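Now for the letters of each chain:
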Amino acid sequence: MNEEKGMSLIVKTVTRWLKGFIFLFGAYIVVYGHLSPGGGFPGGVVFAATFILITLAFGREYALRKMGKILASELDSLGALLFLLIALLGIHYGGTFFLNFIEKNHPSGNFNLFSAGTIPLCQISIGIKVGACLFMIFIILAVVRVIFVDGKGKLITTEKKEKK
Amino acid sequence: MIYYLCFVVFLIGLYGVTCKKNIVKIIIGFTLMEYAVNLFLILLGYRKEGIPPILSKGQDIFEFSKKAVDPLPQALVLTSIVIGLGVLSLMVAIAIRLYQRYGTFDITEIKKLKG
Amino acid sequence: MNILPVFVALPFGVAFFIPMVSRKLKWVPDVLGNITTFILLILSLMTMNQEFVYHIGGWKPPIGIVFVLDGLSCLLLIIINLIGFMATLFSVEYIEKRYTSKLRYYSLFLLMIGGMNGTVLSGDLFNLFVFMEISAISSYALVGFGCDARELEASFKYLVMGNVASLFILYAVALLYGKTGSLNIADVARILREIPYDNLIGFAFVLLIGGYMVKAALVPFHAWLPDAHPSAPAPISAMLSGVVIKALGTYVITRLIFNLFGFNQIISNLLIYIGIISMISGVCLAILQSDLKRLLAYSSIEQMGFIIVGLGLGTPLGILGGIFHLFNHSLFKSLLFLDSGAIEYETGTRDLNKMGLLYKKMPITSFSTLIGSLSISGIPPLNGFWSKLIIILAAIKAGRPIVALWAVIGSILTLSLFIKVCRYSLYGKGEKFDEEKFKNYKEVGNLMIVPLIVLSILCIFTGLLLIGGENGIFGPVVDVINGGVLQYINKVLGS
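Protein chains in written order, with the working numbering: chain A, 1 to 164; chain B, 1 to 115; chain C, 1 to 495.
Simulated from the structure, these hints should not be mistaken for laboratory data. Source: prediction; values computed, not measured. Just so you know, not all the hints are guaranteed correct.
Claimed, not checked - Straight-line Cα separation of at most 25 Å, PhoX-like style, residue types lysine-lysine; simulated pairs:
1) K157(C) / K114(B)
2) K20(B) / K102(C)
3) K154(A) / K354(C)
4) K66(B) / K48(B)
5) K354(C) / K112(B)
6) K60(C) / K179(C)
To be verified - A few chain B residues that don't get close to chain A, going by computed Cβ distances all over 10 Å:
7) F7
8) T18
9) K25
10) I26
11) K67
12) Q100
13) E109
Built from N, CA and C at the ideal position, the CB exists for glycine as well.
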């Protein structure tokens, strides 16, 4: 079946060149979130877009070898827990939830990359979470098909089971 | 004037949700409604001949705050778009499962609950 | 007073932690879920009688986001966490039998509880919306948890109506922001008192209250409730009917009407008319049902009508009656739904015609169903009697005897409804009663009995909480609602 082999040779070659740059662009949007428009959410969407492009160009198995379902689920939870940890550390160092404790203790100049305290760290964790989460949604909605057997619908997954 | 047009798009989406029979068309109606609300929220912050709310080096803060557009609705809309994404993915997943159980996308035939 | 963020941070943290560690270990979701809800219950009991405004991140209002803890929030926190703890105890054995994935169930459940805790604590309009969405999306997924045809259909119907309501609410928040320039509830209240009345504010009010009435399942907007509550697993039905329609619906309506827009004669008439229509149509539709959980869902609509009538009267006695009935209803309605879950676990059916003579085989379950039915019908000295009496007396004292008459008619019809429930399921026989299966029934397991017993004991003794009337335990709650807009503004912005 053609879906397992992916798309034509031109698409595969261009994807192989461009996937690193798209990933880098997503990281740029995430890390510069406190200085220019962007931040965690759009950066995470571009992260997920890299993996979705790989899935469309090469097929499902290749993409799942790059980032499997279990890894995506773990990254998802990790991003959320990291965000919560940064928020709770505000209580420990300052007194209130979500306090920008890095900025209070080591104030840095404006317009730099390493300024605004905890905000870039929050953006990175949101970026990881949104990227992993969107990729997981896409893969799960893509591998599931509905076929009709004897007039009743059945839900099958079109992944080949590898050795467990 | 443009705020009325946003409301018209909202009403078109509402028409899609309530009057169409195919589940996929209901989902598309929902995306139209969300676009309309997010657009309305951003347009609230507009200021005539405004500049983007990004301060650059050497710019005076008081001049900047007189001319920049409002950044608060932009932050609200980011959150709202992500919430809409979550609900949309849940709707699509339930629609796939409904197709498996009932064999059709037509809501006039999905009527097992009565009374 | 640093524990306010814990109410939101702890359930979210554990909900994201559970999928990471429980692929290999099967006992982790149960233990973690129960420990979390127990800790939340203890913390919520510690917040009694305190008023506090917590500035997040150190930013002062109206620039920063605040968490506001006052009497009304404290009461709702206790209700949410108590019923949450009972439901997690019940689901340890219930989810084993029919549903597949325990770790996803506990994650979604904890997200729902965390979202509701955030809703009752929040002091900011957009923050309220975001927490409400978190809790609502988790409940849409939980309603369709077992993926049968009917459950998916119910979940889709609930999703569509809930999502339309959320979009109306977001539109109204946008309109209010455009008119006043702020999102903090106290700040918007202060500015709305200063600018002249405009039709745009009225439009925003209608959209906002209409959206939240869909979440609270009052009568023109109730169509999702009779489908969603029966199809959910039993602990989720108990949570939905006992807590979610209160925390997301009635609490927010109360907070916005009494502390943001101000209470006047038109709003009072609106609430009373909607309440009376909900009462009568809910109970009339309930008598016709033969599915046990669908009957209980329709009676939820009726009791929510009672609460809204009590709040709509506006006098301190009426408000006390409404709030006390909210507390009581969450206790006995979740008790009845957990009972129906136990009956379904054992007999495998929800149809009243197929059950019968359960008092011989399942004594504790039938005793707690009896206590629940007597409470909801208003038999003294159980707790339902006191709250219904206060609402009827408040209606007569406020000079509206017709309202009191409708409330008495509603109570009598509720009594007949629950006589039907007890007769068909516990003490008499249904028409299609099955003798052979009846011989194999036995009482349900221990962990499922403990919530039933605890809730029954609470139903019997909660009437004692009214000692002292408006100055007793419910005093701070009535004070918050009756104090109106000015008191709230001073509390949040003056600190």
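We went through each hint and held it up to the structure:
| no. | hint | in the structure |
| --- | --- | --- |
| 1 | K157(C) / K114(B) | 13 Å, holds |
| 2 | K20(B) / K102(C) | 36 Å, violated |
| 3 | K154(A) / K354(C) | 31 Å, violated |
| 4 | K66(B) / K48(B) | 11 Å, holds |
| 5 | K354(C) / K112(B) | 20 Å, holds |
| 6 | K60(C) / K179(C) | 22 Å, holds |
| 7 | F7 | 26 Å, holds |
| 8 | T18 | 26 Å, holds |
| 9 | K25 | 19 Å, holds |
| 10 | I26 | 18 Å, holds |
| 11 | K67 | 17 Å, holds |
| 12 | Q100 | 4 Å, violated |
| 13 | E109 | 14 Å, holds |
Consistency with the previously given hints fails for numbers 2, 3 and 12, ordered from lowest to highest.
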